[in-house]
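Asks: As you go down the protein sequences, you meet chains A and B in turn.
Heads up, the first sequence is in my numbering, so the first residue is 1 and it goes up one at a time.
Heads up, the second sequence is in my numbering, so the first residue is 1 and it goes up one at a time.
Don't read these hints as lab results, they were simulated from the structure.
Model, not experiment: these values are computed from the prediction.
Treat the hints with caution; some may be incorrect.
[Unchecked claim] Think about it this way: if two alpha-carbon atoms lie no more than 30 Å apart in a straight line, the pair counts; the simulated DSS-like pairs of lysine-lysine are:
id: 1; chain 1: A; residue 1: 115; chain 2: A; residue 2: 179
id: 2; chain 1: A; residue 1: 207; chain 2: B; residue 2: 149
id: 3; chain 1: A; residue 1: 58; chain 2: A; residue 2: 115
id: 4; chain 1: A; residue 1: 5; chain 2: A; residue 2: 58
id: 5; chain 1: B; residue 1: 207; chain 2: A; residue 2: 149
id: 6; chain 1: A; residue 1: 5; chain 2: A; residue 2: 179
[Said to hold, decoys possible] Cβ pair distances, simulated, as ranges:
id: 7; chain 1: A; residue 1: 165; chain 2: B; residue 2: 4; range: 37 to 43 Å
id: 8; chain 1: B; residue 1: 179; chain 2: A; residue 2: 42; range: 22 to 28 Å
id: 9; chain 1: A; residue 1: 54; chain 2: B; residue 2: 194; range: 49 to 55 Å
id: 10; chain 1: A; residue 1: 42; chain 2: B; residue 2: 222; range: 50 to 56 Å
id: 11; chain 1: B; residue 1: 54; chain 2: A; residue 2: 124; range: 16 to 22 Å
id: 12; chain 1: A; residue 1: 27; chain 2: B; residue 2: 154; range: 40 to 46 Å
All C-beta atoms in this analysis are idealised placements derived from N, C-alpha and C, irrespective of residue type, glycine included.
Number of protein chains: 2
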Amino acid sequence: MTSKKAVVLLSGGLDSTISLSVAYQEGYLVYALSFDYGQKHRRELENASRIASYYYCKEHRVITLEGVGGSSLTGDRGDIPPYEEREEIPSTYVPARNILFLSYALGYGEAVGAKAIFIGVNAVDYSGYPDCRPEFIDAFQQVIRVGTKAGVEGRPIIIKAPLLNLTKGEIIRLGVKNKAPLHLTTSCYHGGDKACGRCDSCVLRIKGFAEAGVKDPIPYQECQGGGLDN
Amino acid sequence: MTSKKAVVLLSGGLDSTISLSVAYQEGYLVYALSFDYGQKHRRELENASRIASYYYCKEHRVITLEGVGGSSLTGDRGDIPPYEEREEIPSTYVPARNILFLSYALGYGEAVGAKAIFIGVNAVDYSGYPDCRPEFIDAFQQVIRVGTKAGVEGRPIIIKAPLLNLTKGEIIRLGVKNKAPLHLTTSCYHGGDKACGRCDSCVLRIKGFAEAGVKDPIPYQECQGGGLDN
Chain A
1 MTSKKAVVLL
11 SGGLDSTISL
21 SVAYQEGYLV
31 YALSFDYGQK
41 HRRELENASR
51 IASYYYCKEH
61 RVITLEGVGG
71 SSLTGDRGDI
81 PPYEEREEIP
91 STYVPARNIL
101 FLSYALGYGE
111 AVGAKAIFIG
121 VNAVDYSGYP
131 DCRPEFIDAF
141 QQVIRVGTKA
151 GVEGRPIIIK
161 APLLNLTKGE
171 IIRLGVKNKA
181 PLHLTTSCYH
191 GGDKACGRCD
201 SCVLRIKGFA
211 EAGVKDPIPY
221 QECQGGGLDN
Chain B
1 MTSKKAVVLL
11 SGGLDSTISL
21 SVAYQEGYLV
31 YALSFDYGQK
41 HRRELENASR
51 IASYYYCKEH
61 RVITLEGVGG
71 SSLTGDRGDI
81 PPYEEREEIP
91 STYVPARNIL
101 FLSYALGYGE
111 AVGAKAIFIG
121 VNAVDYSGYP
131 DCRPEFIDAF
141 QQVIRVGTKA
151 GVEGRPIIIK
161 APLLNLTKGE
171 IIRLGVKNKA
181 PLHLTTSCYH
191 GGDKACGRCD
201 SCVLRIKGFA
211 EAGVKDPIPY
221 QECQGGGLDN
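Just need the whole structure built from these sequences, with the hints factored in.
Replies: Here it is, written out as structure tokens:
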């Protein structure tokens, strides 16, 4: 019996881990894929490795990306700003990041004969990145349909974005339901031992746990993980 | 005065060099981008470097791609086959190659503020790769439109594929007209000092020069560059 295979993009954060839990629940043999792109929060990569082990992934590949920059997340465009409500795309936007990630997942997926790629993007409670929206996923699916061997042969790799239309609270409830190892995830852009509680990513995480009515199992600096013990 | 900028994908082959000559003619300040993906014909990269110098490119970045494989071109899927007429996609197909190349070009282009990306793909006299067709370019353009900051802000980077609808002969005539340094280009998949004259890439090149009625300035093994001296 050959298992159906999937490449799962795994950052080590909350969303990608819960996306992996969905692939696991759906019975895929998982090839996990992470990237080292000089992100300040490299702690993610250690977490990703533990999470891949937790799920008995067939393989966990970490690709070093060169030449990715132009973002405060990679340290060459100023400091990471604290959370704020805003209209514009924040400085933490990394040019073409998800496009690169999906491209690598696609090459990897074609090489191992995967049927699907899982990506934990979310268009509801997100940071305003253009490459987290359904239009983007649809457009990339079309690239796969017309630009790959499997695609033109009528069996394109399918992009699965199981969190796309969920709120952060719904995502966390899904993770709890799937018994995802939320204690192994990290979200903070600063990547310290304790989450800062102030960057966009922490604030969204905290709001999500509060919305889900679930206690966040990871440690925060001081008490600013506000409401964690509610 | 700020010059308009373009990222030019430059393999060191005939098509990418002539595509660069078009960018140069159109007045772009060029950021050349090449990839080391373990291809057997790495000689291309030295040629790319000479060609970038020839055109006074603002920068020539060579990105090392990890984890690209599943092709006879990268040495992990058998030998490079000699040329033949065929219906199916050849084993020299590298999964998601142009998708990865365009993704990197896009990230680079966003970081330097480029208006265009030049890619030397050709859908007429090509090797049957799905990612060399207009449908593919259109699909990727849509990804840029909806998945990048510049795109959603209404000024997407434009993919220019000036050779897309030309025959190999027309491409070579364009190169001659633009005074492109054809003597610095290499096409052979084997990458030796002299071109083999037998692989897909050599055969297409030889046919092209014959069609254009132009002498190919590069050396071939024996006389199998047939018709070069006509």
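Asks: Confirm or reject each hint.
Replies: Do the hints match the structure? See the list:
1. Using a Cα cut-off of 30 Å, the hinted pair residue 115/A and residue 179/A holds, with the two alpha carbons roughly 24 Å apart.
2. Note on residue 207/A and residue 149/B: the hinted pairing holds, with a Cα-Cα distance of about 26 Å set against a maximum of 30 Å.
3. The straight-line distance between the Cα atoms of residue 58/A and residue 115/A is roughly 15 Å, inside the 30 Å bound, and the hint therefore holds.
4. The suggested pairing of residue 5/A with residue 58/A holds, with an alpha-carbon distance near 9 Å, which does not exceed 30 Å.
5. Restraint check for residue 207/B and residue 149/A: satisfied, since their Cα atoms lie roughly 26 Å apart, inside the 30 Å limit.
6. Proximity of residue 5/A to residue 179/A is assessed by CA-CA distance (about 21 Å); at most 30 Å being required, the pair is judged to hold.
7. Range check, residue 165/A to residue 4/B: Cβ separation about 39 Å, and the 37 to 43 Å hint holds.
8. Judged by the Cβ atoms, the range 22 to 28 Å given for residue 179/B and residue 42/A is violated: they are separated by roughly 48 Å.
9. In this structure the hint that residue 54/A and residue 194/B lie 49 to 55 Å apart at CB holds, the actual value being about 54 Å.
10. Checking the proposed 50 to 56 Å range against residue 42/A and residue 222/B shows it holds: the Cβ atoms sit about 53 Å from each other.
11. Distance hint for residue 54/B and residue 124/A: a CB-CB separation of about 51 Å, inconsistent with the stated range 16 to 22 Å.
12. Between residue 27/A and residue 154/B the C-beta distance comes to about 43 Å, which sits within the given range of 40 to 46 Å.
The structure fails hints 8, 11 (numbered hints given earlier, in ascending order).
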